[in-house]
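Put chain A with the ligands on the given structure of chain C with help from the hints.
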Amino acid sequence: MKKRLVDFISRFYFILIMIFLYAPILVMVALSFNDSRSRVVWGGFTLRWYGTLFSNRQIREALLMTVGLALLSSFIALIIGGAAAFGIHAMRRKGYVVMMGITNIPLLNADIVTGISLMLWFIRFIPLGFNSVLIAHVTFNIPYIILALLPKIEQMNRSIYEASRDLGASAARGFFTMILPQLAGGIISGFFMAVTMSMDDFMITYFTKGAGVNTLSTMIYGEIRKGIKPEMYALSTVIFAVVFVILLIVNFSPANKKAGNKREGMI
Amino acid sequence: MAEENIIELRNVTKRFEDDGSIAVKDMNLAVRRGEFVTFLGPSGCGKTTTLRMIAGFDTPTSGSILLNGRDITALPPNKRPINTVFQRYALFPHLNIYDNIAFGLKLKKLPEDEIREKVTRVLEMVDMAGFEKRNTQTLSGGQQQRVAIARAIVNEPEVLLLDEPLGALDLKLRMGMQRELMRIKKEVNITFIYVTHDQGEALTMSDRIIVMNKGIIQQEGDPVSIYDEPQNAFVADFIGESNIIDGIMLKDCLVRIQGIDVECVDTGFEPNEKVDVVIRPEDLVVTELGAGFTDGLVTEVTYEGAYYDIRVQAADYEWHLQSNVSAMPGTRVGISILPENIQIMHKPRSSDEEILKKD
Ligand SMILES: Nc1ncnc2c1ncn2[C@@H]1O[C@H](COP(=O)(O)OP(=O)(O)OP(=O)(O)O)[C@@H](O)[C@H]1O
Ligand SMILES: [Mg+2]
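Those sequence lines, one after another, are chains C and A. Each number in the numbering used here comes from the position in the first sequence (counting from 1) with 5 added on. Each number in the numbering used here comes from the position in the second sequence (counting from 1) with 26 added on.
Excised from the complex, chain C in its bound form (with noise of 0.2 angstroms):
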């Protein structure tokens, strides 16, 4: 009797939780079928919205800076991270724990902290533009980088390497050969969530970014100051649809199933 109870108030709590998380979002996927502007009557079905937005040019730009902006950003972050995570991984357990909290900074700093901070740096050296929100993104992502690498690079096999140049195997084909592909799903996941990071970025890019360089995020903003109109509400839409598939290819791919470890502090 009383296991019941527990059962239904924990089932409850769940699902009241779940409501509030989500319910908003529904509400504005709805709203951008909504055949009407209005925030409060539905006027029926309509993919109108869909299409006025992949008809504007603002918004394609603007998409397009904030795709290409992540893979980007994510792959330069991969290099310099990679490397940072494999030098991390070397050090002895001082400097490891200095290098893992210089690494945890950045991601619990408040992101406008970060784009300010940047911002002042960057107007020193270099003019606001695409450089500048690049350099900013690559940053912000390398942590992303070296938390899902370093596990990975701690877990590995190193005799397989050893006996692949042993067997003579140039440190180049070694590498590629044997390390890499035992770190696939760290690679995997940490650029997916680097790109995650960077598309869903409004605040880093905002401070950083130069006039006439727009992505998703700044473009929404500066729309709705003028009036909200419904293509933002499929715009939205889109954009949590593609973050939603990254996260479900990221946790569910096979590559972290294989090596079974649950995913700590993805998100």
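Just so you know, these hints were derived from the structure itself, not from any lab.
With a straight-line Cα cutoff of 25 angstroms, these simulated DMTMM-like cross-link-like pairs (lysine to aspartate or glutamate) come out:
#, chain 1, residue 1, chain 2, residue 2
1, A, K277, A, D309
2, C, K234, C, D40
3, A, K132, A, E143
4, C, K99, A, E43
5, C, K99, A, D84
6, A, K198, A, D233
Only a predicted model underlies this, so the values are computations on that prediction, with no experimental measurement involved.
Same frame as chain C, but now just chain A with the ligands:
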């Protein structure tokens, strides 16, 4: 040409940065072509480190390594005609047995049919014919071991390094593989440098044994001389079991142990020099009371299959005997020894020598 040195270590020292401790200290060593040399020593004495420096995975902090008289200290592992059988096999999990073994040959860009022929031959040699398509994970430990050996020797290296290759196998399998390895050694005629902490294994297989402790060579020699004439108490204690007891060398061929004068065959000590007396348990004989050099109380008798393991307390020392006749615990017996079975050793003098002693 037969006596030429294939591998030479000259004043090789390896210090690891993190704690500054020395893993290998000023080692000098020459390995002759075709020899079966074994590094023997307790865990952490620097055997693997030495092997890794010869293979090229670790660089000596100082000193040089020569292959056929040529300095290879800075040569990366893939440029050395040396192959390794790793302690944990290190087979490539994503390749099948055939591709594992063919790995080195493919890198050498040998023609496909020559590779196939060599792989087949080496698989026969390690008694694994027909396993080509199998996955490494489906093999038993002994089979994985054979594949690891095949993968190394198929490249016909000048030197084969083996790091405790039989360490993970059970006793029976280990004995079988020891014989197998010696047979393979004969067939391929490659120089073997072998690492083990199992003295029985070292004594069975090697042409020459290098006994190491704390990064320093304690003694090198053929198995018989290592066993019969250990040069210090560490070697005596590590190779087989030994009674090691304090003594005073009264004059040539006479040593005083626990106040008893015992005849021996050793000469060349200072008069009244304090020495270590080393006696193998199997050289001590249980006799009637008063018939040996000392008497004692039998405290413990265990049957070990091939012999009885007997402890006899005499004054402040507990003698360790191995005998094929038993004794009654609680009775008093005599212990006798032939003079030539007594080993006399100098006591360590300097602190450097002190570490040669067992700790
Ligand atoms: N990469 C390393 N970094 C720091 N110290 C090391 C490293 N590798 C080995 N050592 C140290 O060097 C010493 C010798 O180690 P080594 O692995 O050569 O011993 P071993 O004789 O092979 O022992 P075992 O029989 O246990 O394999 C040990 O004290 C070990 O802790
Ligand atoms: Mg070792």
